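On the provided structure of chain A, position chain B as indicated by the hints.
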Amino acid sequence: MNFSEVFKQSNQLCKISPDGKYLATCVQYRLVVRDVNTLQILQLFTCLDQVAHMEWSSDSLFILCAMYKRGLVQVWSLEQPEWHCKIDEGSIGLVSSRWSPDGRHILNTTEFHLRVTVWSLCNKSVSYIKYPKACQKGMDFSADGRYMALVERRDCKDFISIFVCDDWHLLRHFETETQDLSGVEWSPNGCVLAAWDSCLEYKMLLYSLDGRLLSTYSAYEWSLGIKSVAWSPSSQFLAIGSYDEKVRILNHITWKKLIEFEHPATITSSKAVVYKEVEKKPVIGTEDLSVHQIAMGSSLFNTKSNYEITSLPVQVPVVKPDTDRANPKIGISAIAFSADNRYLATKNDNMPQSLWVWDMQRLGLQAVLEQTAPVRCFVWDPCRPRLALCTGNNKIYMWSPAGCISVKVQVEGSFQVQSIMWHGSGDSLVLLGKDQLCLCYLATDEEK
Amino acid sequence: MPESSYEDISTIYCYSTMPPSRQYSHSTMPLLPVSPYSGPSDFCTENNISECMLYISQELSSLGLPSIFYDLNGIRELDVTSALNGMYDLLQLQRRTMGMVEELEVEQLKVSSDLHCQQLSSSKLKDQLELSKKENIRLRERERQLEINVKSLQSCLKNEKEEVQKLQNIIASRATQYNHDMKRKEREFNKLKERLNQLLADRKDKKQGMDVLNYVGRSDGRRSQWKTVKTDARHESEMYKTLLNEFDKHQKELMLENAELRKVLQQMKREMVGILSPKKHSQKEEKCTEFTDQQAASDEEESSEMSCEHAREKLTNSIRQQWRKLKHHVENLDNKASMVQLGREVGEQMISKDVHQDEMERLKMEIQQCKDFIQTQQQLLQQQLNTPCDEETAAVLNDCYMLEEKERLKEEWKTFEEQRKNFEMERRSFTEAAIRLGHERKMFEEDRATWLKHQFLNMTFTEHMAIKTQNALSDYSVQEQKHTSGPKTPL
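Residue numbers (our numbering), protein chains in the order written: chain A, 1 to 448; chain B, 1 to 491.
By construction, these hints were calculated from the structure, which means they are not laboratory data.
None of the values given here were measured: they were computed from a predicted structure.
Each residue gets a CB set at the ideal place from its N, CA and C atoms; glycine is no exception.
There's no promise every hint is true.
[What the hints assert, rightly or not] To list a few chain B residues with every Cβ distance to chain A over 12 Å, as calculated:
no., residue
1, Gln94
2, Glu103
3, Leu125
4, Glu141
5, Glu186
6, Gln266
7, Met268
8, Val273
9, Ile275
10, His310
11, Phe373
12, Leu381
13, Glu411
14, Met425
15, Ala434
[Claimed, not checked] Think about it this way: if two alpha-carbon atoms lie no more than 30 Å apart in a straight line, the pair counts; the simulated BS3-like pairs of lysine-lysine are:
no., chain 1, residue 1, chain 2, residue 2
16, B, Lys252, A, Lys256
17, A, Lys256, B, Lys249
18, A, Lys130, B, Lys230
19, A, Lys124, B, Lys193
For reference, chain A alone in the conformation it holds in the complex (with noise of 0.2 Å):
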């Protein structure tokens, strides 16, 4: 594994190119993009305010960058440096900024939900969207781009309309029986539309593209409900985590639980692997702490871990929430599925130290990585069953089927990791730090 140097980034503002080539960051009100091998500037705009969102076009083209405080979006052009287009929502506010799949359009969330403005880049063409719903996740656009979901709210009703990208065209507009509609998703093949209700009430409704129900699954009422949602890449899978701290897969033949997933306190006879992180803290001598040690610095700070397999029967550390509180730090706050279908990875809230991996062939608990921080990001590498995690020190950790390593981001100075990006092609990865980024590139065979 190979460092770059450390950049600074603001906002944890860095995408990658969807083609792969670039990389861009923003630093303050400046937007640079880079080669995403070489790391030399190639390009340097300037926007007019602090950078709140920044995104590629689906064809890495163009980029957008969004001010919520100014209600202003600035779009970029790669090809024409000179070009330039500016968004000014005016008095109605910006809440939130995004492309559309075919990267000519953007939509732009006015203050107060009040309504969604589509912008086009290639003609006058305006078109609003009105009672858009404030919710966790109330638009959605299918894996091939073709269409939209929308979560609409009017007369304390919940709607979902299907719009064609294409040309705006509302192609089906349906009333969900939920309570308080909280999220939409499409299946990554772009015929199914998973909708679940608020957390209030668990309630998962699965409707076709041509707006027809197909299934409704509730696993139980009264106690807080959904947390997590995701769809395997394969659409076969649906898995929904709740706050009763499971995970229920469905299957998409009958859209029944195909099987549920626990977490319990303590895992008992199964075939997991459990990997426990293990630090060594270097044992210094009096005689060592002289003042060139310290001003050194590294080597105090130089905690070296490593995973060790305990056996069965383990504890896992387990965070009892404040029951008091509304959005209680308990349930399946993460779930994500390996690109092969094969693994799927989830975090339990109350159990913030472990990350639990599950073989979707066997159905059963694959293994379990105990870290000494809480985990903050783990994110699957898009070609090969590999995990990448961060737990906000200044290490990072892979787990694959071969086994597990830690690796200390090897850069000047102190750089903890808080977050981690995949390149599309499986080969190096973006660590974000507070206000730092770098790359970490892969070698082809590794794993211990």
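Quick look at chain B alone, frame taken from chain A:
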């Protein structure tokens, strides 16, 4: 009056007729006063003889006996005979009475002992009754308590259920209340939003707008089209096409999966039939063959009607049947194996499970090793076969190898020939030498013989000795000569 005789008779009579019941006399009736003699009775004195006589006569007459006196002119004279008779009658009476008394006393004893027994048993029974009554009371008490317990628990349960129901109702009512309030607030919020929208739209200063240098072409290069009914229809049709494609793909996958599973099931069925049939006895063989025939027939049927539900059901039913049989069979084997283990019998055909398993493991390992070996052999063979890439070069190569070999062989042959010739020559020379040696030896012997003869004819004893020594010396010199003369002869 002979009082002493009275005394004697009465005492004797008293003691002889002392009833045995005297010992048990406390609860019985008071006996007749047959008391031991207690001194002369002062009933009759000389003064009141006639009154006594009269009294005794009266008593006797009340007992039905004649009087003991007769009346002579107003003077009562004692009739001795009648008095004695009377006495005798009284004694008889007494004896009879005593007998009756005895009998009565015996009967009374019996009755009293019976009564005693009865009383004992009745007391025992009373005790038992008491005990069982107590037990009964205790059990009743316990039952009552348990019933009370059950009732209380049931009431608790009912209360809990009611509470749960109440809480659920409360939650439901609160939820509706919150929903209602939320809706009210939402409506108000919507009104605010619309008002805000209106106000913002009316304001002229900060307008919405996009400022772009030039418009960019669409990503797919085409021009955008007008929205007409046709485009709407086109969108609909595209959507349905997508859905149909997806369904088609799905169905194909399911069909493939189905076919695979069906194949696997059939294979399993065949294997199960195969496993089960050799183990059956000859009686069942016929049935088995029948069955396999049936199976074969049905297999054919099934392969032709792949999607028929009937065939599917038949297949699953037959698999279930076979599986049941196999399960029974395996269970039987297990039982036998366990029995064998318990009984420590290792029969001919049955070996204990552990041994069997070990054997199996060993055989499996052997099989694996053989397979690996075969694989490596195959690989090597493959390599061997792969190296001659095409026929011509192979032939040429072969020829080259052959030439090399031929050359080498020729050379070797040459050397062999040379050596052979050398050996022949040497052999010839050796034989010639040997022949010569023979000749010379013969000549030497002849010479020797003549010389000896000569000497012998011309000498004495001492000369003999001198000659002997000379002979020895001459032998030696002759040998030397021989030796020296040997090589002179041409080879």
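To see whether the hints hold, each was checked on the structure:
Against chain A, the non-interface label of Gln94 (chain B) holds: every CB pair exceeds 12 Å, the least being about 108 Å. Its beta-carbon lying about 95 Å from the closest one in chain A, Glu103 (chain B) satisfies the requirement of being farther than 12 Å from that chain. Residue-level check passed: Leu125 (chain B) sits 65 Å from the nearest beta carbon of chain A, beyond 12 Å. At roughly 45 Å from the closest C-beta of chain A, the C-beta of Glu141 (chain B) stays outside 12 Å, upholding its exclusion from the interface.
Glu186 (chain B), annotated as away from the interface, has a beta carbon of chain A within 12 Å; the closest lies near 5 Å. Even its closest Cβ contact with chain A, about 23 Å, leaves Gln266 (chain B) beyond 12 Å, as expected for a residue assigned away from the interface. The beta carbon of Met268 (chain B) sits about 21 Å from the closest Cβ of chain A, which is more than 12 Å, so the claim that it is off the interface holds. At roughly 31 Å from the closest C-beta of chain A, the C-beta of Val273 (chain B) stays outside 12 Å, upholding its exclusion from the interface.
With a cut of 12 Å on Cβ distances, Ile275 (chain B) stays outside the contact zone with chain A, its closest approach being about 28 Å. Residue placement check: His310 (chain B) keeps its beta carbon more than 12 Å from all beta carbons of chain A (closest about 24 Å). No Cβ of chain A comes within 12 Å of the Cβ of Phe373 (chain B); the nearest lies about 29 Å off, and the non-interface call holds. The Cβ of Leu381 (chain B) lies farther than 12 Å from every Cβ of chain A, with a closest approach of about 32 Å, so its non-interface assignment holds.
No Cβ of chain A comes within 12 Å of the Cβ of Glu411 (chain B); the nearest lies about 55 Å off, and the non-interface call holds. Distance check for Met425 (chain B) against chain A: the nearest CB is about 74 Å away, which clears 12 Å, and the non-interface claim stands. Annotated as non-interface, Ala434 (chain B) keeps its C-beta farther than 12 Å from every C-beta of chain A; the closest such distance is 83 Å. For the given pair, Lys252 (chain B) sits about 21 Å from Lys256 (chain A) by alpha-carbon distance, which is consistent with the 30 Å threshold.
Restraint check: the Cα-Cα separation between Lys256 (chain A) and Lys249 (chain B) comes to about 21 Å, which is no more than 30 Å; the hinted pair holds. With a C-alpha separation of about 25 Å, the suggested pairing of Lys130 (chain A) with Lys230 (chain B) holds against the 30 Å cut-off. At most 30 Å may separate the alpha-carbon atoms for a hinted pair to count; Lys124 (chain A) and Lys193 (chain B) meet this at roughly 27 Å.
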